[in-house]
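> Using the sequences provided together with the hints, build the complete structure.
Heads up, the sequence shown is in this note's numbering, so the first residue is 71 and it goes up one at a time.
Since the hints were made in silico from the structure, they are not lab data. These figures come from a predicted structure and were not determined experimentally. Think of the CB as a built atom: it goes at the ideal place given N, C-alpha and C, for glycine as much as any other residue. Do not take every clue at face value.
Derived DEER-like restraints, expressed as beta-carbon distance ranges [as the list claims (entries may be wrong)]:
no. : residue 1 : residue 2 : range
1   : 283       : 161       : 47 to 55 angstroms
2   : 198       : 266       : 14 to 22 angstroms
3   : 260       : 195       : 17 to 25 angstroms
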Amino acid sequence: MAFTVEDLNDLLELLRQHPEWRDAVRREVLSQELLELPEIVQRLADRMGQLADRMDQLAVRMDQLTDRMNQLTVRMDQLAGEMRDLAAATRRLDGRVGNLEGWRYEQKFNARSRVAAILRRPQDLQVADLDPILDAREEGRLSQEEWKQLLALDFLFKGKAGKAPEAPERLVALEVSQVVDSRDVQRASDRAAILSRLGFDTIAAVGGRRLTEEATALAERLGVRTLFDFSDDAD
71 MAFTVEDLND
81 LLELLRQHPE
91 WRDAVRREVL
101 SQELLELPEI
111 VQRLADRMGQ
121 LADRMDQLAV
131 RMDQLTDRMN
141 QLTVRMDQLA
151 GEMRDLAAAT
161 RRLDGRVGNL
171 EGWRYEQKFN
181 ARSRVAAILR
191 RPQDLQVADL
201 DPILDAREEG
211 RLSQEEWKQL
221 LALDFLFKGK
231 AGKAPEAPER
241 LVALEVSQVV
251 DSRDVQRASD
261 RAAILSRLGF
271 DTIAAVGGRR
281 LTEEATALAE
291 RLGVRTLFDF
301 SDDAD
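Have a look at this one:
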């Protein structure tokens, strides 16, 4: 017997009148997979809700982590600044200690006695004791930088270059350091050259416990005299 449209309408009317029959009809009409689909969709919706909650929690944690990273970055920047300040303070301290040690060594070097190897009866001078230097400064023949260079001389001595009465009077421009390097040699040479330009017969000299290889080579090339300190006291 063929199933007609009228039969379908009658069936639908019966289902409206008896909703409890719908599940039975659905089980007959639909496959098991389709019947389970609403439950699957609901489970999926539940899982998606849980996933959304976890994503929200993860977002909160990421925000917290970002805040902590920002705080850490700020702290690291502060620490870097403090380290730079500490390094600068250490360099200043090292410089001051080095200057103090250099000054102590200059006092212990006994420069006048050592310069006696070059000049007879050397006299310790200050640049302000020499009128030609003061005149040159006042007349503009001595630059401010050259004046500073002369003031920075470790030692300046005057004496005769020999025991004969006619021996010429000369100056010795002396730079002293425990370890004489090429900079000490160059300074002695440059400062002696300034004095020579102002009319003084000047010998450049360096003194210390030892010279570096570079200093030794430069001293030989520039004609700078070397005065060694062979004392056993290393302090």
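> Between the beta carbons of residue 283 and residue 161, is the distance compatible with 47 to 55 angstroms?
With a Cβ separation near 27 angstroms, residue 283 and residue 161 fall outside 47 to 55 angstroms, so the hint is violated.
> Measuring from beta carbon to beta carbon, are residue 198 and residue 266 in 14 to 22 angstroms?
At 19 angstroms between Cβs, range holds.
> Taking 17 to 25 angstroms as the hint, is the beta-carbon distance of residue 260 and residue 195 inside that range?
holds, 18 angstroms
Consistency with the previously given hints fails for number 1 only.
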